[in-house]
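Going down the list, the protein sequences come from chains A and B. Going left to right, the first sequence walks through residues 1 to 653 as the working numbering numbers them. Going left to right, the second sequence walks through residues 654 to 1306 as the working numbering numbers them.
For the record, the hints were derived by calculation from the structure and aren't laboratory data. Only true hints are included.
When the alpha-carbon atoms are kept at most 30 Å apart in a straight line, the in silico DSBU-like pairs for lysine-lysine are as follows: (1) B/K865 / B/K1113; (2) B/K1199 / A/K49; (3) B/K905 / A/K57; (4) B/K785 / B/K710; (5) B/K902 / A/K243; (6) A/K8 / A/K491; (7) A/K49 / B/K896; (8) B/K828 / B/K661; (9) A/K55 / B/K902; (10) A/K312 / A/K491; (11) A/K49 / A/K252; (12) A/K137 / A/K264; (13) A/K303 / A/K546; (14) B/K1199 / A/K603; (15) A/K49 / B/K905; (16) A/K252 / B/K708; (17) B/K708 / A/K243; (18) A/K502 / A/K447; (19) A/K264 / B/K702; (20) B/K888 / A/K55; (21) B/K702 / B/K680; (22) A/K653 / B/K1282; (23) B/K1256 / A/K546; (24) B/K902 / A/K235; (25) B/K1155 / B/K1167; (26) A/K8 / A/K212; (27) A/K235 / B/K702; (28) A/K546 / B/K1284; (29) B/K917 / B/K888.
Listing some non-contacts, in silico: residues in chain B with all C-beta distances to chain A over 12 Å: (30) H832; (31) N883; (32) K902; (33) V1067.
Simulated restraints on C-beta separations: (34) A/D535 / B/D1235: 36 to 44 Å; (35) B/D1016 / A/Y41: 54 to 62 Å; (36) B/V1241 / A/D535: 46 to 54 Å; (37) A/G642 / B/N883: 31 to 39 Å; (38) B/E1266 / A/T504: 33 to 41 Å; (39) B/H908 / A/Q622: 35 to 43 Å; (40) A/D225 / B/V1252: 55 to 63 Å.
Idealized CB from N, CA, C, for every residue including glycine.
Protein chains: 2
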Amino acid sequence: MLKEIPLKQIQISDDFWSFYINTIKEKTIPYQYSVLDNSPYVNIENENKKDYFEKDKSNALENFRVAAGISDGGHYGMIFQDSDVYKWLEAVAYSLQVNPDRKLQAVADEVVNLISAAQTDDGYINTYFQVKEPRLKYRMLYSGHELYCMGHLLEALVAYYETTQNTAALNIAQKVVNHIDSVFGYEENKIHGSDGHPEIELGLIKFYELTKDEKALKLAEFFLDIRGKNTEFYKEEMARNEKDGLPIKMIKVPHLETYLVAHKQPKDMTEAVGHAVRMLYLAASMARIVHHNSDSEMYVACKAIWDNIVHKKMYITGGVGSTTDGEAFTGDYDLPNDIMYCETCASIALAYFAYDMFKIQPDTEYIDVIERTLYNGILSGASLDGIHFFYVNPLEVHGNINDSNPDHGHVKRVRPQWYSCACCPPNFARTIGSVQRYIYTIDEENKTVYLNLFAKSRLKYGDIDIIQDTDFPGSNSIHYTVSSNSPYILKIRIPYWCSNVKITVDGETFDNVKNNCYFEIGKEWNNSRIAITFDTHVMAVKANSKVIADANRLAVQYGPFVYCAEQIDNEHPLSRYRVSNDDIRSAVIAVENCDIGTVPFIKIDTTVESSEENSLYTYNPQIEYTTAKLKMLPYYTWANRGSDDMMVWLHQK
Amino acid sequence: MLKEIPLKQIQISDDFWSFYINTIKEKTIPYQYSVLDNSPYVNIENENKKDYFEKDKSNALENFRVAAGISDGGHYGMIFQDSDVYKWLEAVAYSLQVNPDRKLQAVADEVVNLISAAQTDDGYINTYFQVKEPRLKYRMLYSGHELYCMGHLLEALVAYYETTQNTAALNIAQKVVNHIDSVFGYEENKIHGSDGHPEIELGLIKFYELTKDEKALKLAEFFLDIRGKNTEFYKEEMARNEKDGLPIKMIKVPHLETYLVAHKQPKDMTEAVGHAVRMLYLAASMARIVHHNSDSEMYVACKAIWDNIVHKKMYITGGVGSTTDGEAFTGDYDLPNDIMYCETCASIALAYFAYDMFKIQPDTEYIDVIERTLYNGILSGASLDGIHFFYVNPLEVHGNINDSNPDHGHVKRVRPQWYSCACCPPNFARTIGSVQRYIYTIDEENKTVYLNLFAKSRLKYGDIDIIQDTDFPGSNSIHYTVSSNSPYILKIRIPYWCSNVKITVDGETFDNVKNNCYFEIGKEWNNSRIAITFDTHVMAVKANSKVIADANRLAVQYGPFVYCAEQIDNEHPLSRYRVSNDDIRSAVIAVENCDIGTVPFIKIDTTVESSEENSLYTYNPQIEYTTAKLKMLPYYTWANRGSDDMMVWLHQK
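Sequences are here, hints too, so could you generate the full structure?
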């Protein structure tokens, strides 16, 4: 079984990711704290067109103060508002691990103390239920999110403890685990259900990994077993509340169990259904528990869900979730580009799931998906200034449609400062802020290091030291300097998007190295040098013909970057361009400085439909085409220059 | 000003429309009566994915019996369930006018008597409010539909009286008008508002046209003037109900006034917005009142709305309403093919609006739209068996998407037997059942007859007698035999979709007659003969480049018929075909007998993308094409052979 390497043992010094890691430290984390603490300068938007969530302020920290008895007032915000603080704290933990900062740590310590003060003696903590609805504690697992929040709390506390050895953090976590153990389980006097939103499972497994407290692992297994065992569980809860005259507090969804991904037991699942983030947090915990219990039935389910997603339900950007209705997966090959959901959190969860699958069976396909999400669908979740965020990441927008058609009401063209449902912004911070974890993975048992991603960085772990020197993605040459006290196998991922790969290991040259696999070298390393060079070309991408939305269209990718066309860079309306496979493959990279920094644009000599019609319909038209240049930029940088039309999938000639 | 010719003065004997008129008489009318009278053999569906309307039965007739005190029980169904009966009665009136039937008339007379029995002494009639919510009478014009229902009642009674001289019908109508006059108007003690759903205006104008009761015309003018004068009117009504502890009973819509098309006064309107049927019933009444008061300000508004629709918001099928959210118009050129609404009723209302515009200013553009709706978007509203109905008329469906993506939940692929909201089925019956009205129009003042549509028929009106002999749409030759006692001008519409038009009038031949206009002949007619021949070719249609949904696509039209491809007729998935302008123009008509009768299929020698990919995305693909035949059939006949994929707009080569 492979293991993640602690962040502090991977120093990153590249331009690409370091920009984000520094932005998150310098801007995102302080900004998000100010939002959570009710900065008056923040304009909060609803994440979809339904305009009925409270959005005057976040109040997330104040909710804890109220629960702790420090402040007066009520609870404000979503039922899961606490989790915004927890994800922020987790982001801080990762930032501190690689960039110690006493001031920031002091702020975070205070937050830990505040959480501790709010936690009740029995270990329970959820400010919504403590302050606003004590009657409903654990009576509405279908939408209460109590365990969901505690799962994020455990993840945050484990990370924070690992970084800072803050014992208060560990104590809170232990109390939470003991508390959950006292309330949930197979025993007759305990609740035989799991949270409507998976997440506690991941928190419990991580707590187990830190403390080896078997109780936590057993609880995670319990939640993964009890889910979907009684498919009527949530409806019975609702009926009980109704009978007792208590409010229901659940949005209308057509198939409740499927929406909650509790339509069957996880081990029996064969495809991705329901709410995408729920599905993928669940899948990630299913894969992660296999690390510990080697449950082969569960692994088969994980693999089936994985295959279903990556072969039938994943956007080229690594986005998932084809509908806003239930923020959900739909059918195989149903990938609309303009009214989809593609929530930032869902791509994040897909990366988590992928990494836990990789650690079970280290195939490049998992890193391919991690890379796809990181460089595209997750990164597009934030603006380059680090303080504006997308919830929904479309692959095509047209201003006049978005402004006038309510079916597109959830698709924004400018990243807002914050959301009433603010799950994505701190999720972005914790994920991209710890992106180093994906560069290297270790298999201690087999003395193997997996070198997954190209990025200037240094790994020092145990007796191995790898210095990776490269300007990637700005260059196609990578140099490793490797030392170890014992023989080690290095497995270097040669991505699917490069060609003509040449590798030299201490003077010995390998030509025409196969791509789309790991290149393996096992030896004793003594300041040994590995050099890799490869070619990259602009690539045309075709979707499977079963994808109706992409029929007669092509996308453009360069290296790991999916490209898009924005109207601001182009003379003609984007829907008028007609590109061919050859046009794209002949395209050139043109690095330019512009408002958003140095951008490797792609310029394509292609064709534009130039007919000018006045009427709505023309009969037996003379369709005219003229040559034109189409300029594209990496998808993750879109919408950083105002509100604009954008297309990923271009019309084919 | 032009005038409609009473139906009984137009005898139709063609194959095409007579089939429908007979089907409506023999099947649709009896079937719909049985539904309205709670036949146990009917399976009722909701018209959209929201599954919360009562749909065990129609109960529409029983509601009247309850209101009349003949039956016990409550009200069942929609707030506007009464209108289903009224539209059915109107359909019966038109059917009886051309095909007298004592038995059917007796049934209809009974319905009139039932309505009369339910009407209160003061003239009010609405079974929902009488039986279920007397407290809310005229207190919720925003969604109460009382005047909407009475509008349909007036239309039905006027038609029924014109056909049968049933004085009970006229009495009910007069009582309704007197009643409305006593409640609504500018006077201080009257209500200063109009119905949230326009329709009463049309009913009142038609009553005025029959009776010359000025009160009715004034009332219609009042409703068209008061609408949108106080844009807060409906919100004030809601506030009043809330204050008085009464239920609100209104669906959530983002912009109430726009949804209700009461965002401004009709005379100030410049574009089509809001709920499509509301907008178009309103527009039809605006145009129709101009017939009587020549209000030039109102006419300018009508023309602006018209131009906005036909140049920017109308589907090639004559469908309108681009979103299910509010069943509404959206922005200019926003015409999605797969998640639109295109309600049958909206196309019907567009035809009504078009005809009233035509009668003000007889241009071919109005008849073009009437023809477009009749032969396509309206006709698709019913199955060929006459007893299954579409509410939503999509231009593209794919089974796997429709079944799995809730954003397509309102789009059905098989016509249901009935709907919980059953506006469309009887609207279809009354509209197609009186289709003759569009064939000829008279301008008595200028002694002119407009010959708008080709169909074997005979007009006898006043001193003119026109026999139109043709097998159109099965043939391209038309013969008229015309007699009149005085000089008459005939204006024969030469459609935009024909060419090489040759006209012979009493031996004198006109070659290369211009199409897309009226061909005018003024003379004395004495058993005179006019012969017309023309060519028709399969035409490729291109949408304006601003229509994002149709970019890089072509549609196919033959004569007035828009064509579509159904999967059942084709070997490859429809989204794989790639057609060119030339492919389409070289296509042939192949008349075949199949399950649904004799169908003029179109066969196109074209190309299909034959690449077979296993993966979701292919890089630098070899895209392969092979020749293939694509078979298409008239759009109106789709979905008569089970549930299938269908496309109108084909991918362009």
